[in-house]
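Residue numbers (the numbering used here), protein chains in the order written: chain Z, 630 to 1209; chain F, 294 to 730.
If you're looking for bench data, these hints aren't it; they were derived computationally from the structure.
Just so it is clear, CB atoms sit at the ideal spot from N, CA and C, and this is done for glycine as well.
Do not rely on the hints blindly, as some may be mistaken.
[Claimed, not checked] Among chain Z residues calculated to face chain F with C-beta under 10 Å, some are:
id, residue
1, Gly692
2, Leu712
3, Phe730
4, Pro981
5, Ser1021
6, Asn1026
7, Lys1028
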Amino acid sequence: MKTKGIVTGIVSNLVTVKVDGPVAENEICYIDLQGVKMMAEVIKVNGDIASVQVFESTRGLKGGDTVEFEGRMLEVQLGPGLLSSVYDGLQNNLATMTEVFLQRGEYTDPLDREKKWDFTPLAQAGDKVIAADWLGEVKEGWLPHKIMVPFSFKGEYTVKSVKEAGQYTVDEVIAVLINEEGEEIKVTMVQKWPVKVAVKGYKEKPRPSRVMETGVRVIDTLNPIAEGGTGFIPGPFGCGKTVLQHAIAKQGDADVIVMAACGERANEVVEIFTEFPELIDPHTGRHLMERTTIICNTSNMPVAAREASVYTAMTICEYYRAMGLKCLLLADSTSRWAQALREMSNRMEELPGADAFPVDLSAIISNFYARAGMVVLNNGQTGAVTFIGTVSPAGGNLKEPVTESTKKAARCFYALEQGRADQKRYPAVGPLESYSKYLDYPEIVEYLDETVEKGWVDKVLHAKNLIRRGKEASEQINILGDDGVPMSYHVNFWKSELIDYVILQQDAFDAIDALCPMERQRFMLDLVLELCDKDYEFEDYEKCRDFFKNLINELRQMNYSAWESEQFWAYNESVKKMIA
Amino acid sequence: MKAYQRIYTRLEGITKATVSLRAKGVSNEELAVVAGKLAQVVRTKGDLVTLQVFSGTEGIPTDAEVCFLGEPPTLKVSEQLSGRFFDAYGHPIDGGPEVEGEERQIGGPSVNPYKRRQPSQLIPTGIAGIDLNNTLVSGQKIPFFADPDQPYNQVMANVALRADVDKIILGGMGLSNDDYLFFRHSFEAAGALDKIICFINTTENPPVERLLVPDMALTAAEYFAVEKNEKVLVLLTDMTLYADALSIVSNRMDQIPSKDSMPGSLYSDLAKIYEKAVQLPTEGSITIIAVTTLNDGDITHAIPDNTGYITEGQLFLRADSDTGKVIIDPFRSLSRLKQLVQGKKTREDHSQVMNASVRLYADAQNAKTKLENGFDLSDYDHRCLAYAKDYARELLAIDVNISIEEMLNTAWKLFARYFSPAETGIKQAFIDKYWVQ
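So here's chain Z without its partners, still in its complex pose:
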């Protein structure tokens, strides 16, 4: 018997409902607006009054309208066909909606029910299995998509039968399991999971020990992010947050990419699904869209679904992680999600925390970041969810609640600086303020020693130190004047400019420079450090400047040349001649 209720109050998308039975926190209900069923979520209960946030516009809703509670939380459907899809925050398939305008109460199926998938069994009758164990596999594009014992199954099961290899739809029974009580349970390719609950179903969550390559020098070389790691990109508007995030999405070394466009511009999402189907994944040679799922709740879509969108995205990542895959979740921007929380908290007349955000903001953010990570599955294989969120600090001021809370939760910090953006030094990631805590992990240091070169992290720290020294020199030059400082200050300054122009700056719109593989990054850093470690004598600071400017120009041309091409080596030669 479902709990029912009637609407008693409305402020924007916060609706109070008088209920006639039990309701749960975060339970889903449908409000009937003249035949249109609008989804809503319980966010507070007080006596027999439930406050629900409606995932739609409440225009036209009346006191006395009826509400029906579903007895479940907000769930997503997990199964083959998630990749290349474009969903809204509640996992409605946006591609199968017919109208140009979003219709209230129109909910579409996230999965294709007709499509037949090539199934291969992985388990056999008699196998003992637990939640998240693999029963079979279908090919989703080129990825082996595992069909698992649903995450919600508790205890141990015995496999009674698994379908033989063949073509099945997602709703056909592919296995029958027997639980400890001896009951038969049918399993299809689809399972449901409440988005706000972290998916477990793995043996352990060790510290990350590998680096996820992005092809962006300022990340991979200077502040690498680990596979299963967390990072965030705060920055004022116009500093290139989106361009940087798209670069990571295009080039990141991951099997599955989920992009959550959370309260951001619709045209940015359009850019993704216009360009991604055309672009090729540099790691597999397949189309980028084949490994990408887009969760899209743009800024003009209902505010309450913004919060849902990041959870939906994370749950999909966790699902693929349980298949032993490397997933990358990009959420742009977590500030909009925090603002959605603020709007609701405000309407519920809760006592506000800093900047009117709810007081538990910090806890919500760190819980969410904690869902990322590398895991060892029950069968010993590993999977990872790497999470990079952007933050849009109000007024570009990093001393605000969302940035501060995120800083506590994320391990990598990529600070975009207005000053660098103004000078068109893109990506505008500040080299000194940004950090990657993974550079302190002995596992990561060892990994880089083996995969890049021995002593790599020391070189990276050396480069950072040169930048710091250059900054100090530049401050002194600004105070004392070009003639007021010893020549070594000018040399130090120009050495840091060399690193800045050649390593830090990267042209995201140049076909070659946009993607810099690790091997090339190693080569360039070694070359630049070789140049920096030389001693230079100049007659005056103008000669010093001219020398370095020419050097920088040659090296930039090198960045624009195809890796190991004739042109590339010619510039390399010319650089070597300049310092001979």
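The hints should help you fit chain F onto chain Z, whose structure is shown.
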């Protein structure tokens, strides 16, 4: 009037912007007439209903007659809108007849993002500070950030009249009467009246009425873009005054303010308007150019700050002391969609020329700082300063009106005048092709 009307005659509470009363069967966001003034339901709590009165509550007594109309605000749309001037409620203010047409609720649903197309049509304006450095694309939304003393309305009118569009819809919020007349005369003088539609709230009208203006303008825009497949340009000035009206209402409803006493929902409220900019799968498109006035150039204030996060860039007007002209600041201005057309719809060297010219202009600013601090300038510094003057006068100033090809050629001329090819840092292939010997 509707056959079925619910009339009440007892108000429970009155503030400057809202009234509340006990009423039954009231739907959210529906309109009501309170003592002859139009109002809209903004909150219901049990049978206590709060209404926002658009023209202010002055003179409304507690026994005022309240009549609920059963519908949210609407606009009648048809071809008859063309060439007309309306107030915030969509009533003619030009002495002409009421418009006949289909009645549409304003502030309707959003376009499914999946049905959008990527904007790709260049909107040339002749102003190099825009076309060269911050190229506009149809379907884009972009505001001018300007101090109140900048000629933003003039620049916007210029841009609108030079742009190749089918309709220009002006949403004026808190316009001074002089500015309203300025727009009217500019449109008339350009002989463009037949493609103009205006929704005007002047400083003489109550501030809360402004809240209707963007939705009115955009409902008309959607009609022409969706039904008639037209290219529509919407001008919204001044969005800062719109946001001020939002904060008045939220304050009267006892909501907890966030930064700069703005409502916590400011981001969503502004996004709902700006995100109406769209390139439809058909030829139709809505482009929004807005004005956000600043307080002494402060872009960290909540209004420009939230706007910057929503819009696809911003055009920053600033008085340049070197040339005495108003320029489009190349550092603070940005068009996020420019790469969709630069080098694709324009010459291949466009983006590199733009970046190099701005970088050199930045070097000139550094030289200026050195000069101000009393240091000797190098030869390079002197060349940068000389370049900056020419660059500001020949390209950044808002009175420039040339083609993009001419802008690029001008930039190459300036490079050759003051710098060596290596100092520009431009890709060798372009240097070989375009360097002025």
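Consistency of the hints with the structure:
1. Because the smallest distance between the Cβ of Z:Gly692 and any Cβ of chain F comes to about 6 Å, under 10 Å, the interface hint for this residue holds.
2. Because the closest C-beta pair between Z:Leu712 and chain F is about 16 Å apart, greater than 10 Å, the hint is violated.
3. Satisfaction of the interface hint for Z:Phe730 is found here, the shortest Cβ-Cβ separation to chain F being roughly 5 Å, below the 10 Å cut-off.
4. For Z:Pro981, the interface hint holds, the least distance from its beta-carbon to any beta-carbon of chain F being 5 Å, beneath 10 Å.
5. Interface hint status for Z:Ser1021: upheld, as the beta-carbon distance to the closest one in chain F is roughly 5 Å, under 10 Å.
6. At about 7 Å, the closest approach between the beta carbon of Z:Asn1026 and any beta carbon in chain F falls short of 10 Å, and the interface hint on this residue holds.
7. Interface restraint check: Z:Lys1028 against chain F, minimum CB-CB distance 12 Å, threshold 10 Å, status violated.
The structure does not agree with the numbered hints 2, 7 stated previously, though it agrees with the rest.
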